[in-house]
Amino acid sequence: DAKTTQPTSMDCAEGRAANLPCNHSTISGNEYVYWYRQIHSQGPQYIIHGLKNNETNEMASLIITEDRKSSTLILPHATLRDTAVYYCIVRRPFNSGGSNYKLTFGKGTLLTVNP
Amino acid sequence: GAVVSQHPSWVICKSGTSVKIECRSLDFQATTMFWYRQFPKQSLMLMATSNEGSKATYEQGVEKDKFLINHASLTLSTLTVTSAHPEDSSFYICSASEQGDHQPQHFGDGTRLSIL
Numbered sequence: 001d002a003k004t005t006q007p008t009s010m011d012c013a014e015g016r017a018a019n020l021p022c023n024h025s026t027i028s029g030n031e032y033v034y035w036y037r038q039i040h041s042q043g044p045q046y047i048i049h050g051l052k053n054n055e056t057n058e059m060a061s062l063i064i065t066e067d068r069k070s071s072t073l074i075l076p077h078a079t080l081r082d083t084a085v086y087y088c089i090v091r092r093p094f095n096s097g098g099s100n101y102k103l104t105f106g107k108g109t110l111l112t113v114n115p
Numbered sequence: 116g117a118v119v120s121q122h123p124s125w126v127i128c129k130s131g132t133s134v135k136i137e138c139r140s141l142d143f144q145a146t147t148m149f150w151y152r153q154f155p156k157q158s159l160m161l162m163a164t165s166n167e168g169s170k171a172t173y174e175q176g177v178e179k180d181k182f183l184i185n186h187a188s189l190t191l192s193t194l195t196v197t198s199a200h201p202e203d204s205s206f207y208i209c210s211a212s213e214q215g216d217h218q219p220q221h222f223g224d225g226t227r228l229s230i231l
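In order, the protein sequences belong to chains Z and R.
Going by our numbering, the final residue of the first sequence carries number 115, and the count climbs one at a time with no gaps.
Going by our numbering, the final residue of the second sequence carries number 231, and the count climbs one at a time with no gaps.
Take the hints with a grain of salt, since some may be wrong.
Claimed, not checked - The calculated lysine to any residue pairs, modelled on SDA-like cross-linking and capped at a C-alpha distance of 20 Å, are:
#, chain 1, residue 1, chain 2, residue 2
1, R, 156, Z, 52
2, Z, 102, R, 118
3, Z, 102, R, 204
4, Z, 52, R, 218
5, R, 156, Z, 7
6, Z, 69, R, 158
7, Z, 3, R, 157
8, Z, 107, R, 157
9, Z, 52, R, 158
10, Z, 107, R, 166
11, Z, 69, Z, 40
12, R, 156, Z, 40
13, Z, 102, R, 172
14, Z, 107, R, 155
15, Z, 107, R, 172
16, Z, 102, R, 201
17, Z, 102, R, 166
18, Z, 3, R, 224
19, Z, 102, R, 157
20, R, 156, Z, 85
21, Z, 3, R, 118
22, R, 135, R, 218
23, Z, 102, R, 135
24, Z, 3, R, 158
To be verified - Stretch-level coverage of chain Z by chain R, calculated; a stretch enters the list once three of its residues show a Cβ under 8 Å from a Cβ in chain R:
#, stretch
25, 17-24
26, 52-60
Think of the hints as simulated: they come from the structure by calculation, not from any bench.
Even glycine gets a Cβ: it sits at the ideal position worked out from N, Cα and C.
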């Protein structure tokens, strides 16, 4: 799987948009971009994923650049409960053969939302 | 939808005992489940891939005889830490995904294991 690069930490003011970048310059054509977050002492929570089009759900928006080498997760109105480690992961589809559908977690970005 | 339940949430036991952790997909069937381990201030590390009706696939460096995995049904996988020692103390997390090529994995809330 393609490796990803994320900033170690970011701060955001409560109520403002949080924009979390991720670089995945070696992404392959069939690899999806997934975002998860982990609040302290809990299991990771799925946020959103996409292939090449921008995606939006009730939690966040995912903006993927046209060349797919980077993406940005947007939390439109951050709250204190959004403080967590955010992981950007690229992964091949389940049927791609071998074990490439596994998720490989990096160190992620610690987002701290301040009051 | 797509809820994964893990039990127990935490367990404390003496060195040398075996501990079983259950992972259930509550509202979907999962032919494949995953088991991770997370040490303090570190990221999740995949231990093994659990396949319904067949043997689990272990990651390099993970002892299959120490970490027994059983995936007897489409909604239940178990991880048994045999003869646990203090160095096995960790946060164990399972995940599962619905059918489909790019369906996301959903995670349980984890099991905090402390071996005295």
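Structure-based check of all given hints:
As the CA atoms of residue 156(R) and residue 52(Z) are separated by approximately 32 Å, the hinted pair breaks the 20 Å bound. Restraint check: the Cα-Cα separation between residue 102(Z) and residue 118(R) comes to about 19 Å, which is no more than 20 Å; the hinted pair holds. For the suggested pair residue 102(Z) and residue 204(R), the alpha carbons sit about 24 Å apart, so the restraint of at most 20 Å is broken. The straight-line distance between the Cα atoms of residue 52(Z) and residue 218(R) is roughly 16 Å, inside the 20 Å bound, and the hint therefore holds.
For the hint pairing residue 156(R) with residue 7(Z), the CA-to-CA distance comes to about 16 Å; that is within 20 Å, so the pair holds. For a cut-off of 20 Å, the pair hint linking residue 69(Z) to residue 158(R) is broken: about 23 Å separates their Cα positions. For a cut-off of 20 Å, the pair hint linking residue 3(Z) to residue 157(R) stands: about 17 Å separates their Cα positions. Taking the CA atoms of residue 107(Z) and residue 157(R), the gap is near 7 Å; set against the 20 Å cutoff, the hint holds.
Only pairs whose Cα atoms come within 20 Å are accepted, and residue 52(Z) paired with residue 158(R) is rejected, the gap being roughly 27 Å. Only pairs whose Cα atoms come within 20 Å are accepted, and residue 107(Z) paired with residue 166(R) is rejected, the gap being roughly 27 Å. Proposed proximity of residue 69(Z) and residue 40(Z) is contradicted: the alpha carbons are some 29 Å apart, above 20 Å. The hinted pair formed by residue 156(R) and residue 40(Z) meets the criterion: a straight-line CA distance of about 10 Å does not exceed 20 Å.
The hinted pair formed by residue 102(Z) and residue 172(R) meets the criterion: a straight-line CA distance of about 12 Å does not exceed 20 Å. Between residue 107(Z) and residue 155(R) the alpha-carbon distance is near 12 Å, which keeps this suggested pair within the 20 Å criterion. For the given pair, residue 107(Z) sits about 24 Å from residue 172(R) by alpha-carbon distance, which is inconsistent with the 20 Å threshold. For the given pair, residue 102(Z) sits about 28 Å from residue 201(R) by alpha-carbon distance, which is inconsistent with the 20 Å threshold.
With a CA separation close to 13 Å, the supplied pair residue 102(Z) and residue 166(R) stays within the 20 Å bound. Our distance criterion of 20 Å between C-alpha atoms is broken by residue 3(Z) and residue 224(R), whose separation comes to about 26 Å. At roughly 18 Å between alpha-carbon atoms, residue 102(Z) and residue 157(R) fall within 20 Å of each other, so this suggested pair holds. The straight-line distance between the Cα atoms of residue 156(R) and residue 85(Z) is roughly 11 Å, inside the 20 Å bound, and the hint therefore holds.
Between the alpha carbons of residue 3(Z) and residue 118(R) the distance comes to roughly 28 Å, so the proposed pair goes past 20 Å and is violated. A threshold of 20 Å between alpha carbons decides the hint, and for residue 135(R) with residue 218(R) the separation of about 28 Å lies outside it, so the pair is violated. The suggested pairing of residue 102(Z) with residue 135(R) is violated, with an alpha-carbon distance near 24 Å, which exceeds 20 Å. Only pairs whose Cα atoms come within 20 Å are accepted, and residue 3(Z) paired with residue 158(R) is accepted, the gap being roughly 15 Å.
Residues of the stretch 17-24 of chain Z with a Cβ under 8 Å from some Cβ of chain R number 0, which does not satisfy the need for three, so the listed coverage is violated. Counting residues of the stretch 52-60 of chain Z whose C-beta lies closer than 8 Å to any C-beta of chain R gives 0; at least three are required, and the coverage claim is violated.
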